[in-house]
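The lines below spell out each chain.
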Amino acid sequence: MVGMAEIKVSKQPGDVLVALGLGSCVGVCLYDRQAKIAGMVHVVLPAKLHTGEDAPGKFANTAIPALLDEMKRHGATVSRLKVAVAGGAQLFSFNGAGPRLDVGQRNQTAVLTALGEVGLTVAAQDLGGSIGRTVHFFVENGCVRVKTIGKGEKDLIVLGEAETASLRRAA
Amino acid sequence: MPLTSKQLNDLQVDVLREVANIGTGHAVTSLTMMTGESFSMSVPAFGVMVMNEFESILGDLEALAASVYMPVEGDVCGHVAFLFPYDSACQLTDLLLGREHGTTTVLEELECSALMEVGNVLISSFLNAISDLSNLSLPSSPPGIAIDMAGAILASIVTVSPNLGDHALTIMTRLADTEYPVEGFFVFIPEPDSLEILFQALGIES
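Chains as they are written, first to last, in numbering that gives the first Met the number 0: chain B, 0 to 170; chain F, 0 to 205.
Chain F on its own, in the form it takes in the complex (with noise of 0.2 Å):
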């Protein structure tokens, strides 16, 4: 019976609580690096999301937003996505490109491009983590790129595994920068049967 997000004890989540934690840490170390600038992370939810959960988190569902997206199929199974809205993927994309603060008002080919790149960074740092800390592998697979309503945007990520139920336990940490308004969210969606897994990995019982 693979677990589901109502079955979790306290100290499981704990536990994923502080995956998740040094699975960004270890984001955004690579993202100062790549930027030169500083970010702050925090988690403002975690846990067991409720699919139809999602607007509390974001906001507003229709919100224009860009994200990465990359399936992982290893040890561990699941979906990392980042998702950042609009006027951060710009900035962003300001900082990456070493334009000028505010030049990006348009994401087309060469910004998504960079913004593909830096969110393949930013997961593969993030899975590595995880990989380190759990010994599992958790290859992650060529990202792709959506710029469109951020509810539309995180329910495609969510459909794509027909195993997750409408419990799916999602991970979002969100990571801002300290001195422009940049600021993006992680989603980790592990697969139900790839928690166990990753529990007995870190020593928990399930």
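Bound conformation, chain B alone (with noise of 0.2 Å):
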């Protein structure tokens, strides 16, 4: 399980990374392929706008440098890192002009700067829209699973494949 804020780094092969409901928040996956090694971020906020102690996982703009130091802590590789992405959904409609509640939009933003600071691309993403996601993340070779409640369980991408294999997959 990753909560919300919480970072986690797995090379157990048998290991499943979860993110359960994300709405607005984005889950941020990282894999290096060749060591096996898979990161995820629960990013909830785009960046901090107060004082005060919080989880580095919090805010796009901490939290992807936290979870790359982490991923190479265990022993990844920046260059073999792979990039997949879900979440930043606005669930609520409103009738009119919705208030302050594009968080969902402001977090896709946060995070895909943050990732293309530290010279990270995304390879796929799930992103936006107005329906929750539930991430499953799979050690072993890198799939990410995305589950919606109108959509069922669809994988996104699997990171561990070759790049020709996973282009093939978009195709």
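Worth double-checking, as some hints may not be accurate.
What the hints assert, rightly or not - The calculated label-pair distances, taken between Cβ atoms and stated as ranges, are:
hint	chain 1	residue 1	chain 2	residue 2	range
1	B	G13	F	D59	21 to 31 Å
2	B	A34	F	E178	53 to 63 Å
3	F	M33	B	N140	48 to 58 Å
4	F	G58	B	T108	31 to 41 Å
5	F	N8	B	A34	46 to 56 Å
6	B	P12	F	R98	46 to 56 Å
7	B	G13	F	E107	35 to 45 Å
It is worth saying that the hints were derived from the structure and are not from the lab. In this text, a Cβ means the ideal position worked out from N, Cα and C, and glycines have one as well.
Make the complex out of the two chains shown on their own, each in a separate frame, by following the hints.
This is the structure in structure tokens:
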């Protein structure tokens, strides 16, 4: 389980990292294919606005570097990392203009920016819309499986597969 | 320094519990008037919940639920939502629309509109009761509705405010129909700064 603002890294092949019920939050999955190390962070908000002690995993701008550090500490090599992201939805619909509820959209942007800043590009994404998502991330092969109420379970990408294979999958 | 949930003393917790009870009591009265059903209320999970502990209250974070949410922006700012398990929302819709019990199985536009209306009334009753008690204004903004995984809905509410820490004070009360299996949860999350204002208005030293 990767709860809100939590960072989890594993290299146990049997492990599955799970972020349950992502709404406006974004689950970021990093995978080192060669070393078979998987890491996930459950980002809650785009950036820190108040002073106070918060887990680094809470905000996009601190979560990505913290996850990267944790991956390195477990022996991952940055140049080998592949990335998938899911979440950032807006669940509530309002009659007329919704108040300040664009957290999902802002989280998406902040996460993608933060990933760009550390030189990581996203191999697959399932972002936005108005649906909640549960993400299962399999350490064994880097498979990122997204479950939604409407569409059931679907593999977004297998980060452990070779580039050509995942491209074929996407096509 | 805004109050965090960790710093609440016993008296403050008691006061908040009472406030939530009174608010929920008024909401139950409104619901009874709207449906002709009698509802019981309880306080299964009150207090100070770490964001990651929702699961223990809801049972299953991935369970399908319907929720009406209203932001509160006045003397006291915060977030109020009413959350129904999907089946309960369907049965409540039957009651609201005068349908035979068990008719509604899918929540579409008409059903959502009815739920939004009842949510609006319940939340307004809840807030009015707190307003009368404290002499503070707690005006609500127009409601929004979501039908999705319960965990995703709650997480979306908590994350609306950048001020809420990992220990967002969450007050949840449960109400249940005494005849049909209709239940719902009130979720009240005051902004940290507003807690102090509320305590002062109620004559509690913080």
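ask   = A34/B and E178/F, beta-carbon distance inside 53 to 63 Å?
value = 59 Å, holds
message = Quick check on a hinted range of 31 to 41 Å for G58/F and T108/B, using CB atoms only.
response = 34 Å, holds
key: P12/B versus R98/F beta-carbon gap, inside 46 to 56 Å or not   = Hint holds: Cβ distance 52 Å, inside 46 to 56 Å.
inquiry  = Can you tell me whether the CB distance of G13/B to D59/F sits inside 21 to 31 Å?
reply    = Since the Cβ atoms of G13/B and D59/F sit about 24 Å apart, the hinted range of 21 to 31 Å holds.
query = Falls inside 46 to 56 Å, the C-beta gap from N8/F to A34/B?
reply = 50 Å, holds
message = 35 to 45 Å was suggested as the range; check whether the CB atoms of G13/B and E107/F agree with it.
response = 42 Å, holds
inquiry  = Is 48 to 58 Å respected by the C-beta to C-beta distance linking M33/F and N140/B?
reply    = Given about 53 Å between the Cβ atoms, the range holds.
Going down the numbered hints, you'll see the structure goes against none, and every one checks out.
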